[in-house]
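*Asks:* The lines below spell out each chain.
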Amino acid sequence: GAGVSQSPSNKVTEKGKDVELRCDPISGHTALYWYRQSLGQGLEFLIYFQGNSAPDKSGLPSDRFSAERTGGSVSTLTIQRTQQEDSAVYLCASSLRTGPFNYGYTFGSGTRLTVV
Amino acid sequence: GDSVTQMEGPVTLSEEAFLTINCTYTATGYPSLFWYVQYPGEGLQLLLKATKADDKGSNKGFEATYRKETTSFHLEKGSVQVSDSAVYFCALSDRYGGSQGNLIFGKGTKLSVKP
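Sequence order for the protein chains is A and B.
Those letters in the first sequence? Residues 1 to 116, per the numbering used here, in order.
Those letters in the second sequence? Residues 1001 to 1115, per the numbering used here, in order.
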């Protein structure tokens, strides 16, 4: 696609429920990144994919968080048994394999997750 | 490891004032440097970049010069507008650092411009 697409744009869920957040990167971008941005906070790195593999999962905050990417394209971030502290904007970005150094990332508009 | 430090906000200015947002970095190699902007309710957009020392990135009246000697990439604009109100993030990509060339972000600086 023309840009990075994230869905849903807003999600309200009850504490304890599972949620899935979707990211559709720019066609041909092999690298995909998930970040979390809590209210008034900076960017918290969650996970990075190169193709379908995740060389760096170091940012996932707990084992309730997981992510997968299939076909080198769409990625899904899953949060199980959501807690109120999971409320944040989840941002996805993509880049060419050699892109970050020369071009940076292209970000989606984010999914605002509210756990009530 | 590699890191980016930018001035704490919030920064509040009157329209047409001069803007400087300081950014300094630590990197193993010779990084590329970026400024991203996040307008209210939106994702991050690339504002400008510089890929080698002494390069000047510029866009929408904003500019920043890659200073290797001071490891800095300060963002400047001569005359801000209300529409510039946003959060600004400085970032680096270090091809030879431990981050595999991925972007490392500063904490962001919120700018509010009053009419």
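The hints are simulated quantities; they were obtained by calculation from the structure and are not laboratory data.
Any given hint could turn out to be false.
Claimed, not checked - To list a few chain A residues with every Cβ distance to chain B over 10 Å, as calculated:
(1) THR30
(2) ASN52
(3) ARG64
Claimed, not checked - Output of the computed footprint for chain A on chain B, the stretches with three or more beta carbons under 8 Å from beta carbons of chain A:
(4) 1017-1024
(5) 1046-1058
(6) 1062-1069
(7) 1102-1114
To be verified - Not everything, but these chain B residues come out facing chain A in the computed CB check (under 7 Å):
(8) LYS1077
(9) SER1083
(10) TYR1096
Idealized CB from N, CA, C, for every residue including glycine.
*Asks:* Hint by hint, say whether it matches the structure.
*Replies:* The hints, checked one at a time:
1. THR30: holds, 13 Å
2. ASN52: holds, 17 Å
3. ARG64: About 24 Å separates A/ARG64 from the closest Cβ of chain B, which puts it past 10 Å; holds.
4. 1017-1024: Per the Cβ count (0), the hint is violated.
5. 1046-1058: It holds: at least three residues are needed, and the segment 1046-1058 of chain B offers 3 whose Cβ sits within less than 8 Å of chain A.
6. 1062-1069: Check failed, 0 qualifying residues.
7. 1102-1114: holds (count 6)
8. LYS1077: This interface hint is violated because 20 Å lies over the 7 Å limit.
9. SER1083: violated, 18 Å
10. TYR1096: This hint is violated: B/TYR1096 lies away from chain A, its Cβ roughly 10 Å from the closest one there, beyond 7 Å.
The structure shown violates the earlier hints numbered 4, 6, 8, 9 and 10.
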